[in-house]
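Just need the whole structure built from these sequences, with the hints factored in.
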Amino acid sequence: MDNIRLLIDFGSTFTKVVAVDLDRDEIVAIARVPSTVDTDITIGLEQAFKEIGSSVKITETNRRKALACSSAAGGLRMVCVGFVPELTSEAATRAALGAGAKIVGRFSYELSRQEVEEIESISPDILLLAGGTDGGNEKVIVHNAKMLAGSDHAVKNFVVAGNKSAQDEIKIALRDFDDRVYFTRNVMPEIGVFDAEPCNKKIRDIFINHIIQAKGIAKAKAMIDDVIMPTPSAGLEAAKLIANGCEGASGFGELLVVDVGGATTNVYSIASGKPSGGAVVLDHLPEPFVKRTVEGDIGLKYNIATLEELCRARERPQNFDRTIKNLYGGKLPVGEEEIICHDLLSRVAVDTAVTRHVGRLEVVYGPSGQVLVQHGKDLTQVKTLIGTGGGIVFSANQGYVLQGALSQAGNDAILKPKAPKLLLDDCYILFAVGLLSQVEPVRALSLIKKQLKLIQ
Amino acid sequence: MKKAPTVITGTVGMDAHVIGTKVLSRAFKDAGFNVVPLGMQVSPEEFIRVAQETDASAILMTSLYGMAELDLKGFKEKMMEAGLGDVILYIGGILGIGRHDFKEDEAKFKKLGFDRVYPPEADLNAAIADLWADLKKKKKA
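Protein chains in written order, with my numbering: chain A, 1 to 456; chain B, 1001 to 1141.
Hints are not guaranteed to be accurate.
What the hints assert, rightly or not - Residues from chain B that face chain A, not an exhaustive set, calculated with beta carbons under 8 Å:
(1) Thr-1006
(2) Asn-1034
(3) Val-1035
(4) Val-1036
(5) Arg-1049
(6) Val-1050
(7) Gln-1052
(8) Thr-1054
(9) Asp-1055
If you are wondering where the hints come from, they were derived from the structure by calculation, not from laboratory data.
By construction, the Cβ of each residue, glycine as well, lies at the ideal position given by its N, Cα and C atoms.
Right, here's the structure in full:
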């Protein structure tokens, strides 16, 4: 068993390590130890390696060749600044989400002094500056660059992805931040075009080369070769691989992934989202094929209050209000009452996060009768739904929880999947598959195909 | 050399008559404008958002279904609110329902804040010449 690959996730609370046997495409060991990023990240990692080592022999080469992702020390914290909220601000936000960031601020139009102060107090890892189509408005992005130039040095890195015609002026405005300003292609070069790829790549480069250093994660380099991406990116890479397949192996086609965590819920769709029915008019901002949304207010541990509130509008089991208190702080359910309550909370988390992710149909009355306008992605025909994350995995009735993602009879306006196959990643290895997909896509795909469990 | 002025085209509201705006877009492009074609069924708010982001000099709307007056109530006011008070506004097509004099339409839409109003069978070259002239007046071309 020499062909072992170690895959690491440096989380805020846990450091997770998955050991994969690449000869058999199987998981041989999983370790989960408390994170030590606040002191010395290598301590936790060493512990996790030791735990792995007790069930499978790992060599120095295995350790060196380990791949890691990280969401420790607050994740990749980004602020997005655009011009019009529905256009370049939205495009910038999508680009940042697609790069695995945590959005900690979003601003539009010309920044005020007060907003700049707000950005200073947020102190993001990266500020993504957009605004104007190429050849379009220059005034707003240049104004914003000048305002930000007057800020203290709270913004650690700037990525500029706006009107190319404004680049020279922005360069001059931000000259004091010279080595921390990165220019990339406009996220919205023209109306109706969304170009996130170059921006994504730039963000990931900055993450690898600067941000993990600043957060003490780079210390891990003493033991392993590299930390290659933020954790949500690894999830997204896994989703892409499972949907699209790779050379020599086919994927599952269009799919939706729901990851209910302790603090947030991530939803990834790999699908065109084009209208499935006729006579539908589309919005003018095109939807990305690979789309990530993250609900910062939905999680089973730190955001249980939101879920409790959402449950109030629904039919609740007996003693719900009393029972839920036993689940505060992420405690796992004990006894039938708590299990029913936990399942409901998880289902509501899935339901709400997916409802916010998918598109909706709006009925508009025109002279020739009703017209349907589609906002967002139509995912009704998606054939595969994958559930992962503690919120789903630790539920007693996982099928019931995942069904929260499905379209409900009588509510056709919300474009959730109608009849997908339900699959569960119950070992929570999606991140590992995403990491492995970067070097051994065929092995990674074969591994996850074996791991996903079908739910009836 | 000054850069080509940007104009936005599209049919407003729920009007799906797309041929007019396509012909218009082509003609203005050939005449040297930078055209942002939004196609059919464009809401008034979308014209405003796109005009902001693209720094457009003019919006050229078309409408054939007779409901434009309803669609565009308060449009000029919204444009001014959005800082786009000096963007030139043209509209053309069948702008009212039933038999009536085009002069009525023209008066109505000028009151709504449009700089020029054209009947269904207007001469595109004349409209292009009009726009160059109006832009010159505003020192935008």
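Going by Cβ atoms only, is Arg-1049(B) closer than 8 Å to chain A?
-> 5 Å, holds
- Query: Do the numbers back the hint for Thr-1006(B), that is, is its least Cβ distance to chain A under 8 Å?
  - Reply: 7 Å, holds
Does Thr-1054(B) meet its interface restraint, that is, does its C-beta lie within less than 8 Å of any C-beta in chain A?
-> 4 Å, holds
Hint status (Cβ of Val-1036(B) to nearest Cβ of chain A, threshold 8 Å)
5 Å, holds
* To do: Would you settle whether the hint for Asn-1034(B) is holds or violated, based on the nearest Cβ-Cβ distance to chain A being less than 8 Å?
  => Since the shortest Cβ distance to chain A is 7 Å, the answer is holds.
Q | Interface hint compliance - Gln-1052(B) to chain A, C-beta minimum distance less than 8 Å | A | 5 Å, holds
Does Asp-1055(B) hold up as a contact with chain A if the rule is Cβ-Cβ below 8 Å? Holds - the Cβ of Asp-1055(B) comes within 8 Å of chain A, reaching about 4 Å at its closest.
Val-1035(B) was flagged as interface toward chain A. Is the shortest Cβ-Cβ separation under 8 Å?
At 11 Å from the nearest chain A Cβ, Val-1035(B) fails the 8 Å test, so the hint is violated.
message = Does the closest beta carbon of chain A sit nearer than 8 Å to the beta carbon of Val-1050(B)?
response = 5 Å, holds
Of the numbered hints stated above, the single one contradicted by the structure is hint 3.
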